[in-house]
Structure formats: structure tokens, C-alpha cells
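There are 2 protein chains.
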Amino acid sequence: MTTLHGKSFIGGNLAAGGQENKRATSPLDSSVLEPPFSSATLEDVDAALKLAEEAFAGLSARSGEERATFLERIADEIIALGDDLLNRAHLETGLPIARLTGERARTVGQLKLFAQVVREGSWVDARIDRPLPERQPLPRPDIRRMLVPLGPVVVFGSSNFPLAFSVAGGDTASALASGNPVVVKAHSGHPGTSELVATAVRRAVEACGLPAGAFSMLHGSGRIVGLALVRHPFTRAVGFTGSRTAGRALFEAAGTRPSPIPVFAEMSSLNPLFILPEALKEHGKAIAEGLKNSITLGVGQFCTKPGFVIAIEGPELAGFQEALRVAFEAVPPATMLHDAICNAFHAGATRASGVNGVQPLGKTTQTVEASKTHGGALMLRTTYQHFLQHPELADEVFGPFALLISVKSVAEMQSFARDLEGQLTATVHARAEDGEVARGLFSILQQKAGRLIVNGYPTGVEVCHAMNHGGPYPATTDSRFTSVGTAALYRFVRPMCYQGFPAQLLPQELRDENPLGIARLVDGVRTTATI
Amino acid sequence: MTTLHGKSFIGGNLAAGGQENKRATSPLDSSVLEPPFSSATLEDVDAALKLAEEAFAGLSARSGEERATFLERIADEIIALGDDLLNRAHLETGLPIARLTGERARTVGQLKLFAQVVREGSWVDARIDRPLPERQPLPRPDIRRMLVPLGPVVVFGSSNFPLAFSVAGGDTASALASGNPVVVKAHSGHPGTSELVATAVRRAVEACGLPAGAFSMLHGSGRIVGLALVRHPFTRAVGFTGSRTAGRALFEAAGTRPSPIPVFAEMSSLNPLFILPEALKEHGKAIAEGLKNSITLGVGQFCTKPGFVIAIEGPELAGFQEALRVAFEAVPPATMLHDAICNAFHAGATRASGVNGVQPLGKTTQTVEASKTHGGALMLRTTYQHFLQHPELADEVFGPFALLISVKSVAEMQSFARDLEGQLTATVHARAEDGEVARGLFSILQQKAGRLIVNGYPTGVEVCHAMNHGGPYPATTDSRFTSVGTAALYRFVRPMCYQGFPAQLLPQELRDENPLGIARLVDGVRTTATI
Chain A
1 MTTLHGKSFI GGNLAAGGQE NKRATSPLDS SVLEPPFSSA TLEDVDAALK
51 LAEEAFAGLS ARSGEERATF LERIADEIIA LGDDLLNRAH LETGLPIARL
101 TGERARTVGQ LKLFAQVVRE GSWVDARIDR PLPERQPLPR PDIRRMLVPL
151 GPVVVFGSSN FPLAFSVAGG DTASALASGN PVVVKAHSGH PGTSELVATA
201 VRRAVEACGL PAGAFSMLHG SGRIVGLALV RHPFTRAVGF TGSRTAGRAL
251 FEAAGTRPSP IPVFAEMSSL NPLFILPEAL KEHGKAIAEG LKNSITLGVG
301 QFCTKPGFVI AIEGPELAGF QEALRVAFEA VPPATMLHDA ICNAFHAGAT
351 RASGVNGVQP LGKTTQTVEA SKTHGGALML RTTYQHFLQH PELADEVFGP
401 FALLISVKSV AEMQSFARDL EGQLTATVHA RAEDGEVARG LFSILQQKAG
451 RLIVNGYPTG VEVCHAMNHG GPYPATTDSR FTSVGTAALY RFVRPMCYQG
501 FPAQLLPQEL RDENPLGIAR LVDGVRTTAT I
Chain B
1 MTTLHGKSFI GGNLAAGGQE NKRATSPLDS SVLEPPFSSA TLEDVDAALK
51 LAEEAFAGLS ARSGEERATF LERIADEIIA LGDDLLNRAH LETGLPIARL
101 TGERARTVGQ LKLFAQVVRE GSWVDARIDR PLPERQPLPR PDIRRMLVPL
151 GPVVVFGSSN FPLAFSVAGG DTASALASGN PVVVKAHSGH PGTSELVATA
201 VRRAVEACGL PAGAFSMLHG SGRIVGLALV RHPFTRAVGF TGSRTAGRAL
251 FEAAGTRPSP IPVFAEMSSL NPLFILPEAL KEHGKAIAEG LKNSITLGVG
301 QFCTKPGFVI AIEGPELAGF QEALRVAFEA VPPATMLHDA ICNAFHAGAT
351 RASGVNGVQP LGKTTQTVEA SKTHGGALML RTTYQHFLQH PELADEVFGP
401 FALLISVKSV AEMQSFARDL EGQLTATVHA RAEDGEVARG LFSILQQKAG
451 RLIVNGYPTG VEVCHAMNHG GPYPATTDSR FTSVGTAALY RFVRPMCYQG
501 FPAQLLPQEL RDENPLGIAR LVDGVRTTAT I
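Residue numbers (the numbering used here), protein chains in the order written: chain A, 1 to 531; chain B, 1 to 531.
Read the hints as simulated data drawn from the structure, not as lab findings. Be careful, since some hints might not be right.
One copy or two, either will do: identical chains are not told apart, so a pair holds if it fits within one copy or between any two.
Below, computed lysine-lysine pairings styled on BS3-like, alpha-carbon distance capped at 30 Å [unchecked claim]:
1) Lys408 <-> Lys50
2) Lys22 <-> Lys372
3) Lys363 <-> Lys408
4) Lys408 <-> Lys372
5) Lys281 <-> Lys372
6) Lys50 <-> Lys285
Could you put together the complete structure from these sequences and hints?
Have a look at this one:
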């Protein structure tokens, strides 16, 4: 096992650290894990961002090829950490080794996918409008434009993806890929995992000869270290995945800075799943099984876990409910990420269970053990009428929990959809015979969500070019961008226009001869040609 | 002359209006213009946005071809207003008929350019990742994504472009082009011009059979009607051009809503212009003439007017200053947009003139007449040393004013550049022999501005594909988007992902057969092919 030092990384140096030292607790058996992790000071925050700002010009000038090599090197260094990484992550998060192995593959895969995109190079949306020297009444100058990086990006590690959305996860990968230095605020739930991954990233920075400030990682509380990072004048953008309260606080802190910056906070989503009558009739049992899997996958600790299931009352509903009951009873209890999440889950489940008109539908029968930070699966049911009277039922319960809401009609289903807040996803199970109903529902859901799914489940977010993991508030603070998939790059860039530039001062992407062979918009026409 | 009614447009209906009735004043002779314009009430705000929300689904479902036809129809209807439009705009803004004729051409031209882009269709950034049913450990579903409109957009008309950045200007054109309903808050400086253009847009809405809520326009104050529009729950985005104070207020109002929305406020910019030694030596006189033109064009009432000129002390500087003096003295006084702008200009010019170490360089010699809302051109000069002691010299003076700052060295010039706030533009005049100095300066200015110009002038913003009219705060509230040029479309859209969708439920843009023949990213490869 690698020895952990428990310090923050200020570029290539380790911070002395502040007075607060915190050990992680293993949710598996409530044991305390060594070593203590030392909180970063406000001076560390300032030092990390000064270093990032210093590194920025050099980093942003690197070619797509160089950035790709860097991302691939990070991936290799993560793999080179071997079982130490998986074992520490398992101890800190309770997630099974198999899941963590899969998550590591995803983390490495997304680094490599971003590398492909920046190596190819067309993502910069290069545009060239050639001069029109003879135009009347005035000539048009030579105008060219491409996307350039924003500057230092602060990334908050999330608790539920200790690898894929933490230190070298999607936010970091997309910020580095687009040429920005990154300062990570490590999640306090998995500080050792964070340190190991940060070590891997640092090795890649050094191997690639990048400026030291390209990457730093600080330990400490969100309220002190986190807010200081967001408020630092050198910070240009923020990526965050977590609770609505924390996300909103960061968003407002960023928006009230003397110079406001964008915050991409991915916060909360109920991910409603609608079952249309013909689908319920034909596939009720299979949907019950699929739903149980989606609700309980990863102990329900996914932003895309379906929290609402909406079905129309009728003869098929009883059989569907019975299938859910049986499925949920067989779900074994499982260790949740940490105490606070587990307690919040139990509190939320208890609160929902106690609401007037809410009835149990199915729950884990095996004993749930507090010392193992266990969460048991729970499904409740209620009617739309009761739901309307109890808006608190729309609060997200993070964990293996969902609420079945029975409606009397398609009209009630549509009405439920119309009242929804913004969501990451909305799913409809339908057969061809449900066609018109499905169409009507999607025209409403299109306004509510960032991803619409037919006959599938929202968990298992693909890392690909067409993914959108985002949605109207409160799913995220900015529905215009995805945090998963290659389009996540676009969060951390801005257009830069070059007017009348001599060739030797232009970036490669905008030169006449198109040395990178990228796709460009030349006088409004898409082409990979030279000029 | 068309008879003006002085009412707000709630879709196709005229609002009864509130108690406040305001007549415009002509800056040409301080005369009061008929009729009175009636301020919208808060009920009008609500009615306009409800109508916009109702119109949204229908409007967003229109094809690119239908949207293009609509935009072109607006252009035709504006032209059909004939001289009535130009004459009224002249009376209300004091801008010469020739300028307004040019601005009308620009307004019509940008509507048609957006029409071209949405008719062609590739701008939606369609992406398709085909299913991998055999993939291990889990199959990949069919995932497709494109950009879809955000919803009702509120546009604030700006005072300095009564046509090109007002009722049917760039913000409205880009919001409509991307499928959003628009509610305009008319600028109180040119209410009659606004009414005429709104009439043209309404005619186009009706001719194209679009839902009534596609376009509304309200009169009233920014502080009451404007803020109510920004805070309305159905408003999804805001476009604004104006002062830093007003822009920031709208930005903060939007960010503290229960459900925050983006505000694209284009606010203030000093547009520094640097003259490197060899350029000063070889072209000093021509630059003095070009600068005078750029500073005084449109009576200096452009966001891209150069407000700072930076040159290195030396033997050539005296000749350059002399050329500026002569050029500025010959500039005739001209009518500014309205009293408030004229008063602010005189106050700002007087304040800057009185700062210790600031000296006059050149000014209009002809008599400036208050009753004609005249502004005279003024150029001042100071040293970098004095400038550093008087940060108030960095306040924008909107009008035909600029400050020449002499530096002792390239290092001082770089230091000045490093301390700049965010700018729309930064310009460098250089000859090949200035190469290294220019390169060093651009590496700093790249962080400060949205558009960099070599040997040109920042005024005269081209409406084209490669334009970026935007920049780091406080130039705008969101440096990631342009407000001029076809990329302005991207402000008002968000990605929507369709997973596992049957063909008949997919939008045209994402169907296998690619019926629109647009460029798409299929499995990561750019192609216009069918699947």
C-alpha cells in the first residue's frame, strides 16, 4: 500500500496545511482510516490559484496533440496506481471493488475520449470570413475566430463517483482538455483516493513538462476552502456535482463576485419515469424488474436514479405493484457512501413514509446494519391526489428509494409532467399503440429535462459525443451545457476573434493552410480545405 | 406619416397601458414628439410572458425553413415601412438619415444572414452515437442530441442602435432564429421607432401564421417593467446592451430568481489601442486620422469606440499628437442620442479634464449648442504615471472622447495591458519590425478581450460568422457568447438528448435518413451522410 501524506498539492509542492486534521471513516465498518488529512489554508488557496494563473498562458498555448498526450498520460498513471487505488476507494466509499474497477475504466475511458477530440481538433469551431477589399461602402477586413480556454477552473470532487466525477473525473478532464489549469477541492468523503489520483495527475504534469500550476488539489471544507476557491479573482469557472443547497450557494457566490464567473453545478433530479397503458399491460413485469435495478444500482446514489414512477390506475397496476414488491423485498441492504448520506436517506425515507396517503409498496427484508452504513431499498406508493396535497414528496431522497404515483388518466399524467421542476432526465415506457399519448407527453417533457429516454432507464450515463447530462434548474445551474460526454468541453471556453492578423500571429487552427486539417466554417461553408 | 398609437403590443393586441404616459424628446432641437407612449403595467408583463410561453412549443417545432421565411418576412416588412421609419428614427435619435439607412441595411442583412444559417440547418450541432447492442459488459443504447430553444427571451432595446440592436435587432433576430418567442422592452429614447418596427414584426408573425405570443413589445421603465420581465418565471434568457450599472442589476436579478436564467449583458468597454514604436514612426499621421474617425464615428456612441490610446514616448510622439490635435479641432459638433447621454458625456469629459496631470490634446473648435444636444470631440493626454494615480480615468466616457496615455517603455505598456479589466476589443498597430513586442502584448491581451485587431480600428463591427462581439467582464456578463454575428444564436439554446427514440418521435435533424442533409457528428465523425 502506498503511504499517504495527507497534504494538499499546490502545483508540485505539498502544502504545510492548516490546523484542522481529519481522518476519513470507512462506511464499511465505521472504522477510522489513517492518515489524518490536513485542511488547506486560505494562503494555500491563494497560492494554488496564483500558480494556476501563471501556468495559464503556457498551458493554453499547447497544441491539441500535447493536450491529448497529457490526458492519456493521466489515464496511464491512474492505471499504474493499481489495486492501491481500488482498495483505498473501497474502504473510503464502501463501493464494491467490481463497481470501482468499472468506474476506473470509465474515468480512463473519458480521459482518452477527450484526448481523441482535442487531438482531432475540429471542436474549436474555427470560423474564417475572408476579407472583401472591394466591398462598398466599406471593405470587410479579414476576420477569424475560434474557441480558447477561460482560465483556471475550480472542480469540486463529488462523493458518489470517487473516480469518474472526482479529482481526475469528467470536470477535470474537460477543463484540462480545453486548455485550462485546474484546482480541485477534494471531497472529504474520499481524501485518500483523492490523494492517490492527484499523485497520478501530478506525475503526468511532470512527465509532459507542463507548468506546475496546471493542476493543484486542496483538502478542506466546502464552506471555507470551497467558497474561497470560488471567490478567488483568478478563478474563471467552477464545476460542481452535489446537493442543491451547496450548488446554489456556490452559484450565488460566483454571481455576486466583482467579476462574476460561470458555475456548472449539477444538483438534484427526480428523473420521473412514466409508464403508458399499453406498455404497462405488455411489459409490466419486465419494467418492474428494470426499475428495481435502476433505483437500487449503486445503492441508489446516482443523480439519474428514477425517483418518481407514474402509471395510470387500472387492472394492470396491481400486478405491476406486486412485481415491484417482490423485487424490492429481495434487494439486499448495501453500504452507502458515508454516514451523512445514509442518515439523510433514512430521514428522507421516513419522512416520505409518514406522509398522509403514502403507503409502503416494497422494501428490503434483510436486516439493515447501522455499523455498516447500510441503506435498504424502499418503494412507496401514493395517488396523484395525495401527491398534490404534499409538495414535500417532490424532495429528492438520495438513495435506493422511489415513489410510485398512480394517476387516473392521461390528463393527470400530463398535468403531473407540467408541474415538474427541471430534471436531468425523463423516461417514458410506451408501445407503438401508446404513440399519441407518448407524443403529447414528450412535448411537455422536452421543456423539463435534458435527456429523454424511451423504454430504457436513466442510470448508466454513456460517455459519448451525443450525451447530455444536464437540464433546467434545479437539475443544474446552466441547462446550456452537459457535464458528461465530449460536449462538456464547451463549458470552459470562449470565442476569440482575430481581425486583420498577419499569418505568423494566428493560431494554427486559423491559418490559411489549415495545418491541422480541421473542419472549419469558411465564409459560411463547412470545409476541411486550405484557403 | 404612419399614425403612432403609443401602446404596448401583447402579442397581436394593444395593451390598454398604465397611468404613465411619456413623450419622446427630439435631441435635434429639444422639441417634444407626439404621441405619448403609455407604460406597460405589471399585468401586461404577465400577459406577454404567458402568451410567449403558450407560443413556445408551437414556435420551437417550426422547421428551419419556416423560421428563415419568418426572419426574411420581418426584413421585408421593415423595408416596407419606408421613409417613415428613417424619419421617425432621425427625429428620436438625432442620427443622420444616411447612418440610419445604413443601419437599416445592417438590420435587414442580419435577419437574412440568420435566415440562411437556420435554413441550412447544421448549426444545431446534431450528434448521433449509434447503439452497440453487443458491447460488454453492457450494450450501448441509441443516443442522439441537438440544440433546442430555451423558451421566452426578453430583449432590451439599446439606445445607440435604434434599429440594429433594438426591437428587431441582433438579439431579437438570434432569439427568433433559434426558435424562441421574444418579448422586447422598448428603449424609451426611441419609442416611435420601436412601435414602427414592432408593427413590422407583428405583420410578419401574422403573415407566417405563427402563434400570437411569438413576439410582444412593452414600453416602460427599466427599473419597473424591465426588472419585472427579467423576474417573470416564464422568462428563460435576457439580452441587454447598455450601461454597466443597469446590466449588472439585471444580471443579479436573474441570478437570484428561484430559477436563475442567463443574462447576456453587453455593458462597457474602453477598447484600448496600442501603437508600437515602428508603426508610430512609419504611420503616425495615418493612425491619427483613423483614430479620430473611429473615436468620433456616430458621435462616439459605440461600445467599441477606442477610449484609450497607448503609445511610447519618443521623438515621433509629438508629431502624432499634433496630427491628433489638428484632426480633432476639425471635427464638427454633432447631436447625441438624448439628453442623458449628452449630459453624462459632458460630465465625464469635464471630470477627466480636471484630473491632475491630464492635459488637453485636441477638441472641436466649432460652437457646441446645448439645444441641439451637441457633443464635441475631445482628446486628452496623460502619462502612465499619472494614470496609475487616478484609477477614475478608467471609467468609460460614452461619446467622442479618448485619452492618450504615454508610456516610457514596452514594459510599461505591458504593465498597463495586464491591469486592464475585460474588454470587447483590443487593437495593436504594429509593423513587421514590431513583431516580438506585438507577440508579447497579444499574449496578455488575449486574456483581456474578445476581439483582437491588428492595424485596424474596433468600430464597424462586421455581422458575419467569425465575429465575436463579447469579452470578459465587465465588457459583458458572459464572455462565452457573442451578441453580433451568426454565433449569437448559441446564446438561446440548450442541448437535448434523445435516448432509444423510435424514428417517428425524433426531430428531422436526428433521423437516420438525414432529410435536411445537415452536417452531423455520427459516432464522432463529421458527415452529411445518411445512416
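Violated hints - listed by number, lowest first: 4, 5, 6
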